[in-house]
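Number of protein chains: 4
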Amino acid sequence: MNVHEVGIIMNGVTGRMGKNQHLARSIMAIRQQGGVRINDDETIMPQPILVGRNENRLKALGEQHGVPYSTDLNACLADPKYSIYFDAQTTLRRVESVKRAIAAGKHVYCEKPTAVSASEAVELFRCADTAGVKHGVVQDKLWLPGLLKLKYLIDTGFFGEILSVRGEFGYWVFTGENQPAQRPSWNYRKADGGGIMVDMLCHWRYVIDNLFGAVTAVSCLGATHLKERRDEAGQPYTCDTDDAAYATFETDQGIICQFNSSWCTRVRRDDLLTIHVDGTKGSAVAGLRECVVQHDSATPKPVWNPDIANPIDFFGGWTAMPWNQSFDNAFKVQWELFLRHVALDEPFRWGLLEGAKGIQLAELGLESWAKRAWVNVPPLAS
Amino acid sequence: MNVHEVGIIMNGVTGRMGKNQHLARSIMAIRQQGGVRINDDETIMPQPILVGRNENRLKALGEQHGVPYSTDLNACLADPKYSIYFDAQTTLRRVESVKRAIAAGKHVYCEKPTAVSASEAVELFRCADTAGVKHGVVQDKLWLPGLLKLKYLIDTGFFGEILSVRGEFGYWVFTGENQPAQRPSWNYRKADGGGIMVDMLCHWRYVIDNLFGAVTAVSCLGATHLKERRDEAGQPYTCDTDDAAYATFETDQGIICQFNSSWCTRVRRDDLLTIHVDGTKGSAVAGLRECVVQHDSATPKPVWNPDIANPIDFFGGWTAMPWNQSFDNAFKVQWELFLRHVALDEPFRWGLLEGAKGIQLAELGLESWAKRAWVNVPPLAS
Amino acid sequence: MNVHEVGIIMNGVTGRMGKNQHLARSIMAIRQQGGVRINDDETIMPQPILVGRNENRLKALGEQHGVPYSTDLNACLADPKYSIYFDAQTTLRRVESVKRAIAAGKHVYCEKPTAVSASEAVELFRCADTAGVKHGVVQDKLWLPGLLKLKYLIDTGFFGEILSVRGEFGYWVFTGENQPAQRPSWNYRKADGGGIMVDMLCHWRYVIDNLFGAVTAVSCLGATHLKERRDEAGQPYTCDTDDAAYATFETDQGIICQFNSSWCTRVRRDDLLTIHVDGTKGSAVAGLRECVVQHDSATPKPVWNPDIANPIDFFGGWTAMPWNQSFDNAFKVQWELFLRHVALDEPFRWGLLEGAKGIQLAELGLESWAKRAWVNVPPLAS
Amino acid sequence: MNVHEVGIIMNGVTGRMGKNQHLARSIMAIRQQGGVRINDDETIMPQPILVGRNENRLKALGEQHGVPYSTDLNACLADPKYSIYFDAQTTLRRVESVKRAIAAGKHVYCEKPTAVSASEAVELFRCADTAGVKHGVVQDKLWLPGLLKLKYLIDTGFFGEILSVRGEFGYWVFTGENQPAQRPSWNYRKADGGGIMVDMLCHWRYVIDNLFGAVTAVSCLGATHLKERRDEAGQPYTCDTDDAAYATFETDQGIICQFNSSWCTRVRRDDLLTIHVDGTKGSAVAGLRECVVQHDSATPKPVWNPDIANPIDFFGGWTAMPWNQSFDNAFKVQWELFLRHVALDEPFRWGLLEGAKGIQLAELGLESWAKRAWVNVPPLAS
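Protein chains in written order, with the working numbering: chain A, 1 to 382; chain B, 1 to 382; chain C, 1 to 382; chain D, 1 to 382.
So that you can see chain A by itself, here it is in the shape it has in the complex (with noise of 0.2 Å):
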């Protein structure tokens, strides 16, 4: 058996996203699946280093997954042992970590956003792009089990022409006052990269470019509906944030995408992300791992008729899309493609540039609350 192992610096994993989603649930069931199978013959290893600041807590993780550690970034990144360099740290700290893994010939993957600003996000492609290294950027809802159905009604022409998207995520995020908030305090600061907008626009960036066409202009209304949250430690803080973003887009499809993004709703629909797509001859609804769909030839024709409990079932009429296939965890399935990038030079299009990208929608939808109007999305120089 030819083992290609591949050595990654993995950065910041520390955090709720890192650990579960990147070190456990991807890097480490690669492993345990005996690595990224390429056929009877060959196969990638990962082999990981996690390195972070707090040495407490790197410890405890490394010895629950039994691989090494480091507080030592730069001894890293001169081991040539390491040929990828994985960030998952904070935002404001990215960049300049990533550019030391370029400057040291690291191939980068790198979780969202990549920068704090567009023009910084460009500018960190250019240098991997001088530099000839590989770089990836983590668009995991592009493997969501039910945006891969979309996929599959999408290429098996089942919408007819699509007209229209309406995406709808979000979910009640508690105060902290009553019940513990599910999320951290620094999302609904401003000072600390928080926002739904920053957060958000960068996902609906890359899920419309690749299923409804290219991002034209947006239209977006942002607003900060809870003005006071607690934090960590149970103290009061002022939130000056956006908690919800609604959001129009246009693309060069001619496809309108309505999607609304918030902290503040409570769900009545089929899952914490649904979006909702019409086309002449059906529509689906996808979640994150269910998709529904509604032929033409199911389509009921209701009458407006407020005198009787209505008699169509609206939820009825819909049919849940079987498990055909078995779906992967959606980080996993990108790593996998990313260190196939790597080991095989296998072509892999979600690199740097459709990372800046996500942070040029975001940066527009913020311009558009600020002038409250639609702004085009002008191209990226590359």
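Just so you know, the hints here were simulated from the structure itself, not pulled from any lab data. Some clues are possibly wrong.
Identical chains share a label here; the pair holds if one copy fits it or two copies do between them.
To be verified - Calculated cross-link-like contacts (lysine-lysine; reagent style DSSO-like; alpha-carbon spacing at most 27 Å):
1. 19 <-> 301
2. 99 <-> 371
3. 151 <-> 81
4. 81 <-> 19
5. 141 <-> 81
6. 371 <-> 19
7. 190 <-> 281
8. 281 <-> 227
9. 301 <-> 141
10. 151 <-> 190
11. 141 <-> 190
12. 227 <-> 301
13. 371 <-> 227
14. 227 <-> 151
15. 151 <-> 281
16. 371 <-> 301
17. 99 <-> 59
What you are looking at is a predicted structure, and each value in this text was computed from that prediction instead of being measured.
Given chain A, put chains B, C and D in place with the hints provided.
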């Protein structure tokens, strides 16, 4: 028993809405129940006469209901037996007929929109106001059972502070190609007064004004998703006006109302119209008749984990409000209020100026679409 | 890592409650989780020794859990390694043992009832108080998930003004004639400390005091519904004490609490214990783990009409509160609080005086039964 | 066909109960079915005349049912065509009218309570007894299908020895502030004869006497949970009498009956009234129409373990009794029995002395509340 006989000239009730909602379910239903009861000794009894241009259809309808009819509007207006003129003609003919009725000293009650432009609608208001006649405009959705339940929640403080509102209206209107369309073709032709923005923004205006505060600004994007449909004769025609509108409103209570209206969407929600209200202490989703609530105490705390089926049933945590009172047909309720206004001089706030506000919002929606920007809603000079 | 080792003499844990709740699910569970976490650097680790009279049972239990045991209580009390004495013996032996522990300078933690009479229980409190040792009494029901959910509702003002509370506790305890009884026979013999009033009024005291206001008066009727049962050896014996108690309490908040307790009732309710709270704005029914709510907005308006099946589903209008947090075993939660009280001097309100209040209420319940009248609850001289 | 025509003066049937239960569902229903069938050749046909003070309402009701009416009670009493006088007036007017009817030689049938005091009610009994007229008092709950099923269980020995009974009656009566109240405002004013104890203890008396043995003692606590309500005109008024009563009764069969009655509770049980009976061999819970049973053989043996969801479905182990017979309206059944009593001299035990017992229990309940003690129930000198 003291019976107040109130004669009503009903013009244009051979159409779908006029025939079903105004004649059969309102005026005839009031007659069948013995009139509008004032007290043990007094009642108001409407005495309709049907007016229109197509004598055959008038005759059939009149005979069906056992009421008189006439094709001579002028003669009817000259008859002192009739104190109310009701207009359910197509919009293009409304202003002229209503003005004639006002000139004849009749109280007037109209379907919406009252005119084709806000300025004309305001002028109509001034005309009635100057003449000193009483006037009303149909705003039926205010008396839908679902919206009355919503009002109960608002009045009893269920929501705590209301943060935001999401309205979803619409359903799939067939093109007429493979199966008959369920809406008339003029809805899709600009020259005939078509367009969903013109149709629905009138409604959203009074719904929002009455429940969530006066609308202060609007951002609206229209779309003509389906470019060709078949008319009543099965002939293809070009759709040249909006069949979907993606709007966001702000109110003077600081509440954001995001409303989508579409004739090109397949329904996966509780009803043809759903209004989702989120507040600090609870949320509700109202349909035409039902309204479900989720109080803070029943609000789940979801965790994003696409690797497993979501353990939370996002529909199960809502409770349907009970039917503690019986609700009459919404049109009939407003008719009864108008009849009391006429006969007893009781207050009635839904007059021609309120009607004009609806048209104003539709115009501003179109303006926003054209300008690709938010538009403020100025006060209507009364 | 700074570990506070806290030695605990556990006396009487070979019984059902002691073995399951205190040893296995509390102390051993705390050890298995790595102690009581104070912060990243500090933890409290309980070090138990089992004490009792039956060496065989002690040995088996000690070996099962890998902890030391001894039949020599005096030797243990003399050992400075142990700072806490825990007592889960039968009530009759409790006071004497706890006093010896206090005399030896141990902090004490006891099962309830702490004594056979309130005066003795108060004296035990004074004894500990004078000695300056820390003390606690098990009041586990306060940390049942269902009651914590109820507390959430109270704290967040869900109820508006609370009007009344109905407690229903109990289930059918088989007599042992046709199938084995699920409770020990001493429960039904007065001389052995039996009686449901003595058993349960201790609980109702702290539940009501903590949730609904201090109990100010009690009316209680006892009954010995079943006069004969079979003991552990299958022999018939005469039951001479109450197996059901019908009590009503008043609190200083003006709330009426009507609580039935019975070992002779078959359960048709949500759980073995249900607490139904009615308030002006909503009601709730808490069980051991679940709690369902009905807000004013979901409250039906029933009409008495026995001629038809009731159109209202009286269970359907309630919503289960979600599991937004995980709840630990109630006994373990209180143990952790007591360990923090001992090791860190954090406040702990559930001491021997609170325990005495429970016994006081049981005595007053018996007095009320005998006098056939309401009895006031005087303050316990501390 | 031999038809016994029995004329009935129905006084006070324009009220809710009189109109629905006595006139429409009893007397008119008996007429529509062709009278009370005695045998193939004989039948009893009631001939009602409506009497009251509001001519308009009498006229409307009389015309609706096609029966005569009159505002002149004396004239009716003088008319030999009528042999029965029925009284459903407000309680305050009952005794005087019934006495006039007795003086006129009529048989009398009354709603409960028959008088405002037990002594007056006993005197009314003596008056009728001395005059030798037949008499009856409405005790409708005895003929509820649910209670008839319960009686079947008692008669067939299902319970073994009956140990205890729990009655839960009540529902949420809205205050009238946010939605109309479903009970008249006089119910909440002492001076107008209001109070739930006065209303319901009359019922509990005959229910318990007939099913579980003669009531020998009562302990009752009243409460005015809601201090302010809105009257029929929407005006606030002060509630000065009990809207909830927490009662315990003892019977001469040694059965304890604990009954709560409340207009301030939200219903989470099978019906508006549930009667839970526990016996040595089985238990049952009766509602208005249904009755579920759990026999010893189906009784689960629960274990207290709050650490896991209770594995027993406490509702699943009960079985609904089947509808092996059809049950007529309870009021109608008693009417038919009274008509047979009058026409055929068949026995009828539910006379004015039984009615007086109900009032007696209400008075003793109030006395117990005032004295804060149990009160014995002395025999009513007949």
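Cross-check of the supplied hints:
no.: 1; hint: 19 <-> 301; verdict: between (49 Å within a copy, 21 Å between copies)
no.: 2; hint: 99 <-> 371; verdict: neither (34 Å within a copy, 43 Å between copies)
no.: 3; hint: 151 <-> 81; verdict: neither (38 Å within a copy, 56 Å between copies)
no.: 4; hint: 81 <-> 19; verdict: within (22 Å within a copy, 39 Å between copies)
no.: 5; hint: 141 <-> 81; verdict: neither (31 Å within a copy, 56 Å between copies)
no.: 6; hint: 371 <-> 19; verdict: neither (39 Å within a copy, 47 Å between copies)
no.: 7; hint: 190 <-> 281; verdict: between (44 Å within a copy, 25 Å between copies)
no.: 8; hint: 281 <-> 227; verdict: between (44 Å within a copy, 14 Å between copies)
no.: 9; hint: 301 <-> 141; verdict: between (34 Å within a copy, 21 Å between copies)
no.: 10; hint: 151 <-> 190; verdict: neither (35 Å within a copy, 35 Å between copies)
no.: 11; hint: 141 <-> 190; verdict: within (25 Å within a copy, 41 Å between copies)
no.: 12; hint: 227 <-> 301; verdict: between (44 Å within a copy, 20 Å between copies)
no.: 13; hint: 371 <-> 227; verdict: within (22 Å within a copy, 32 Å between copies)
no.: 14; hint: 227 <-> 151; verdict: between (39 Å within a copy, 25 Å between copies)
no.: 15; hint: 151 <-> 281; verdict: both (16 Å within a copy, 17 Å between copies)
no.: 16; hint: 371 <-> 301; verdict: neither (41 Å within a copy, 35 Å between copies)
no.: 17; hint: 99 <-> 59; verdict: within (26 Å within a copy, 46 Å between copies)
Comparing the model with each earlier hint shows violations of hints 2, 3, 5, 6, 10 and 16; every other hint is respected.
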